[in-house]
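Participant: Sequence:
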Amino acid sequence: MLDYSLVASSGISLENISGIYYLHKLILDAKKMDQDVKDAGRDSHVENIVRHRKNHEFRNYKLPTQRMWIYETRPASAIRFRATISHGKRPGEIKNPSGLRNDEFDRGDLAGRVQFGYEILKLERLAQPISLEELKKNGWLKGPPQKYCFVMPAFDKVLQARELELVFDATTARASGTTACKATQVKETVGKDEIGNDDGAGQSGGPTNCS
Numbered sequence: 001m002l003d004y005s006l007v008a009s010s011g012i013s014l015e016n017i018s019g020i021y022y023l024h025k026l027i028l029d030a031k032k033m034d035q036d037v038k039d040a041g042r043d044s045h046v047e048n049i050v051r052h053r054k055n056h057e058f059r060n061y062k063l064p065t066q067r068m069w070i071y072e073t074r075p076a077s078a079i080r081f082r083a084t085i086s087h088g089k090r091p092g093e094i095k096n097p098s099g100l101r102n103d104e105f106d107r108g109d110l111a112g113r114v115q116f117g118y119e120i121l122k123l124e125r126l127a128q129p130i131s132l133e134e135l136k137k138n139g140w141l142k143g144p145p146q147k148y149c150f151v152m153p154a155f156d157k158v159l160q161a162r163e164l165e166l167v168f169d170a171t172t173a174r175a176s177g178t179t180a181c182k183a184t185q186v187k188e189t190v191g192k193d194e195i196g197n198d199d200g201a202g203q204s205g206g207p208t209n210c211s
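Mapping the sequence shown onto full-length UniProt numbering, position 24 (from 1) lands on 24, and the numbers just tick up by one.
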């Protein structure tokens with residue numbers, strides 16, 4: 001169910017709810033978790049997701065979302081991925097030790113920092129990434145999103161026209177009893193219901209103004 005308080009705080013009229021999107025920002029440098037670095041060398045936060053080492057994203061609040069666009073900071077400084085996520089799981093509900101920090105979350109070791117774990121069910125890569133320069137040039141964003149923000153209608157049309165390549169689909173793999181299904185040649189155009197979340201695992205909810 002869509003959280004109308006988030007809509008109201010964004011300044012977008014309720015008549016446009018069906019066209020609401022978010023951008024999701026995953027940090028590549030200072031804000032990535034220390035344990036991620038310890039367990040996975042120097043791979044970035046996003047790279048750990050791509051390699052399926054990190055299969056849950058942790059947040060301190062519940063998200064009204066199923067899909068999210070991922071904005072990466074330097075050196076990428078671009079939107080390259082779209083993720084489909086699960087509902088917010090509580091400590092003790094993940095029950096999957098294969099992902100970074102899953103066991104810590106289930107044990108309650110992250111209490112006070114995060115409340116929900118969102119399983120990354122599917123990851124797709126934009127065939128043509130959208131750079132920060134392009135975002136700013138076209139007026140879609142004034143700068144890198146500091147939290148999450150809404151995708152405006154003009155940018156929505158651009159995203160819908162971009163092709164996506166499947167990186168992995170955990171739901172397909174689970175149904176077949178194999179590991180995460182991976183592919184790079186499967187393409188599709190963007191749907192109409194994608195929304196995402198923010199970059200701060202320990203922060204409270206609410207979008208920032210990115211326009």
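Think of the hints as simulated: they come from the structure by calculation, not from any bench.
The structure displayed is predicted, hence computed values, not measured ones.
Using N, Cα and C, we set each Cβ at its ideal position, and we do this for glycine too.
Incorrect hints may appear among the rest.
[As the list claims (entries may be wrong)] Straight-line C-alpha distance at most 27 Å; calculated DSSO-like pairs for lysine-lysine: (1) Lys62 <-> Lys89; (2) Lys157 <-> Lys137; (3) Lys62 <-> Lys95; (4) Lys62 <-> Lys122; (5) Lys136 <-> Lys157; (6) Lys137 <-> Lys122; (7) Lys89 <-> Lys122; (8) Lys122 <-> Lys95; (9) Lys157 <-> Lys122.
[To be verified] Cβ pair distances, simulated, as ranges: (10) Asn96 <-> Tyr61: 17 to 23 Å; (11) Asn138 <-> Glu165: 31 to 37 Å; (12) Gly112 <-> Glu47: 23 to 29 Å; (13) Pro153 <-> Gln66: 16 to 22 Å; (14) Arg53 <-> Ala161: 29 to 35 Å; (15) Arg125 <-> Gly92: 30 to 36 Å.
Participant: State for each hint whether it applies.
Facilitator: Now for the hints, and whether the structure bears them out:
1. Lys62 <-> Lys89: Holds - the C-alpha atoms of lysine 89 and lysine 62 are around 9 Å apart, at most 27 Å.
2. Lys157 <-> Lys137: Holds, at roughly 16 Å.
3. Lys62 <-> Lys95: Distance ~19 Å between lysine 62 and lysine 95 Cα, so the pair holds.
4. Lys62 <-> Lys122: holds, 19 Å
5. Lys136 <-> Lys157: Holds. Lysine 136 to lysine 157 sits at ~16 Å (cutoff 27 Å).
6. Lys137 <-> Lys122: Distance of about 30 Å is beyond 27 Å: violated.
7. Lys89 <-> Lys122: holds, 17 Å
8. Lys122 <-> Lys95: Holds, at roughly 19 Å.
9. Lys157 <-> Lys122: holds, 22 Å
10. Asn96 <-> Tyr61: 17 to 23 Å: holds, 22 Å
11. Asn138 <-> Glu165: 31 to 37 Å: Because 23 Å falls outside the window, the suggested range is violated.
12. Gly112 <-> Glu47: 23 to 29 Å: holds, 28 Å
13. Pro153 <-> Gln66: 16 to 22 Å: Roughly 20 Å apart at Cβ, these two residues keep to the hinted range, so it holds.
14. Arg53 <-> Ala161: 29 to 35 Å: holds, 32 Å
15. Arg125 <-> Gly92: 30 to 36 Å: At roughly 32 Å between Cβ atoms, glycine 92 and arginine 125 fall inside 30 to 36 Å, so the hint holds.
The structure does not agree with the numbered hints 6, 11 stated previously, though it agrees with the rest.
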